[in-house]
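As you go down the protein sequences, you meet chains A and B in turn. Taking my numbering, the leading residue of the first sequence gets 1, the next gets one more, and so forth. Taking my numbering, the leading residue of the second sequence gets 419, the next gets one more, and so forth.
Keep in mind the hints are simulated off the structure, nothing from the lab. Heads up, a few of these hints could be off.
[Said to hold, decoys possible] Derived contacts from chain B toward chain A, CB cut-off under 10 Å, selection only:
no., residue
1, Thr426
2, Asp427
3, Glu461
4, Arg471
5, Ile504
[Said to hold, decoys possible] Chain B is nowhere near these chain A residues, computed Cβ spacing over 10 Å in every case:
no., residue
6, Glu21
7, Ser155
8, Gly210
None of the values given here were measured: they were computed from a predicted structure. Beta carbons: idealized from backbone N, C-alpha and C, even for Gly.
So you can see what is in the structure, the chains are spelled out below.
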Amino acid sequence: MKDVVVSGMGMVTPVGCSAGEVWGAMCEGRSGIGRPEAGSLLDGSVEVAAFGPAIEPESVLSGPEARVVDRYIVMALRAAADALADAGIEVGRDVDPYRIGVILSGTGGLATLEAQVVTRTQRGRLGVSPYLLPGMLPNMGAARVAIRHGIRGYSSSIATACAAGAQSVGEGLRLLRAGEADVVVAGCSEAPLFPTLADTFGNARALARGWADDPTGASRPFDRRRNGLVLGEGAGVLVLERAEHADARGAAGYASVLGWGATNDAHHPTTPHPEGEGAAACMRLALADAGLEPADIGYVNAHGTSTKIGDRAEALAIRRVFGPDTPPVSGTKAVTGHMLGASGVVESAVAVLALRRGLLPPTYNLDDPDPACDLDHIRKSPRPAPHIGQVMSNSFGFGGHNVSLVYGLPGTRLSRAV
Amino acid sequence: MSTGTGITDEIRAFVLGSLTEMNYSVAGVDDDTPLGPAGVDLESLSLAELGIRVEERFGVMFEEDEAELLGTMTVGEFGAALAARIAAAPAAGQ
Chain A
1 MKDVVVSGMG MVTPVGCSAG EVWGAMCEGR SGIGRPEAGS LLDGSVEVAA
51 FGPAIEPESV LSGPEARVVD RYIVMALRAA ADALADAGIE VGRDVDPYRI
101 GVILSGTGGL ATLEAQVVTR TQRGRLGVSP YLLPGMLPNM GAARVAIRHG
151 IRGYSSSIAT ACAAGAQSVG EGLRLLRAGE ADVVVAGCSE APLFPTLADT
201 FGNARALARG WADDPTGASR PFDRRRNGLV LGEGAGVLVL ERAEHADARG
251 AAGYASVLGW GATNDAHHPT TPHPEGEGAA ACMRLALADA GLEPADIGYV
301 NAHGTSTKIG DRAEALAIRR VFGPDTPPVS GTKAVTGHML GASGVVESAV
351 AVLALRRGLL PPTYNLDDPD PACDLDHIRK SPRPAPHIGQ VMSNSFGFGG
401 HNVSLVYGLP GTRLSRAV
Chain B
419 MSTGTGITDE IRAFVLGSLT EMNYSVAGVD DDTPLGPAGV DLESLSLAEL
469 GIRVEERFGV MFEEDEAELL GTMTVGEFGA ALAARIAAAP AAGQ
């Protein structure tokens, strides 16, 4: 029995910090996108962004350590603690410390590096904090989660840009199937809302423009008027567990992770393959890994970033895989913005909630579907789907990294109420 | 300030101010309070930061092997060591 289940969820997003809040926002079209505060660091760099909730660093770290620590680490610690609590897991009591791993990914704390570069420019060598590296390195989310919870098994961080979160789940699945762990804390945290990063996205013409007067309309996956992504911040963490292990401790699973696929476009550093070739291959691999046919998928949570070329390539890829009868599709970045790698984990949670609730969240703002993105779009309001069986979540990143994940009903004896 | 280590108000204020800025609680901290685990509880990076604050403010340095020793000192002992270091390098810092 190699079944792997999701036994806990934790998230920090622009639309809330609990599964219920996030789900509600997606179904009711409650957007997390707004204008940066006048005079703030981001004012002038972006018209609109998706800001996560304020979290005091001191709430997750000791005072001295909380002083020079990136927001990505703070959000990662919060989401991981919530996910472990949601799973009812205390390391040492419910799982052997050497049989639990953590894969926590992301771009790292570049905002903190940026701030230190400014300080160094102003004050010289002695302005640079000795706490910089533990406060910003991309592996420090995983390290801090390990330290805080006493996780002594496998640990790593994956740097595949916007595919990193989904890939963390996939690699967690691989570890658990191989029997190398009983539990894996898998997730991603991203804090990209600082000037240098926003400016390079903006100068690359990747950001939605012209929405300052209508911020909640800025992110509109698959819509004819879409013109770029909306940068967002957030973290998502799933507790993955061998079903046998969950059964043995009497824990209920939300869903089973049935399979995953990973490919690379091998095409361009930032632009997806125009026909979505790598993405299509990725979805096929995920289906094969799950032992499913395309017709077995009842919902696809699309990567759908609201860029012209990205959404079109994904729509073509979905068509290539699923043929004329594509499953219902939605892109929930319409309300969360693009939380980069963290999106894949939050959207996995959303796909799982859709599966379990028999209700598919819509693509908010999809007023006028682009004919080049010809799919069975869920629009305006959630669509009831009582017997959807299995669901897929797609994540594609700069670098041509593609990851697809497939979830189904939980293989544990007990099924988690949602 | 019971031990009468004779450290100056300026140095004491610098040490307590640094600890405060580094997010350590200085409530109840006096010259007899150890900088290490039994007292303020500075760890390796915070001792390093105290070192660079000393260098930035007074222009004197504690070498790496001395930094470990700082962790065994009290606030008063550290202040006295710092005062001695400043006195030995009169041209530095100001």
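To see whether the hints hold, each was checked on the structure:
With a cut of 10 Å, the hint placing Thr426/B at the interface with chain A is violated, because the nearest CB-to-CB distance is about 22 Å. Residue-level restraint check for Asp427/B is violated (minimum Cβ-Cβ distance to chain A is 24 Å; threshold 10 Å). Interface restraint check for Glu461/B: the shortest CB-CB distance to chain A comes to about 8 Å, inside 10 Å, so the restraint holds. For Arg471/B, the suggested interface contact is upheld, since its CB lies about 8 Å from the closest CB of chain A, less than 10 Å.
Restraint check, Ile504/B versus chain A: the minimum CB separation of about 16 Å is more than 10 Å; hint violated. With 10 Å as the threshold on Cβ separation, the claim that Glu21/A sits away from chain B holds: the shortest Cβ distance comes to roughly 31 Å. With a minimum CB-CB distance of about 21 Å to chain B, Ser155/A clears the 10 Å threshold, and the non-interface call stands. At roughly 43 Å, the least C-beta separation between Gly210/A and chain B is larger than 10 Å, which holds for a residue marked as non-interface.
Going down the numbered hints, you'll see the structure goes against 1, 2, 5, while the others check out.
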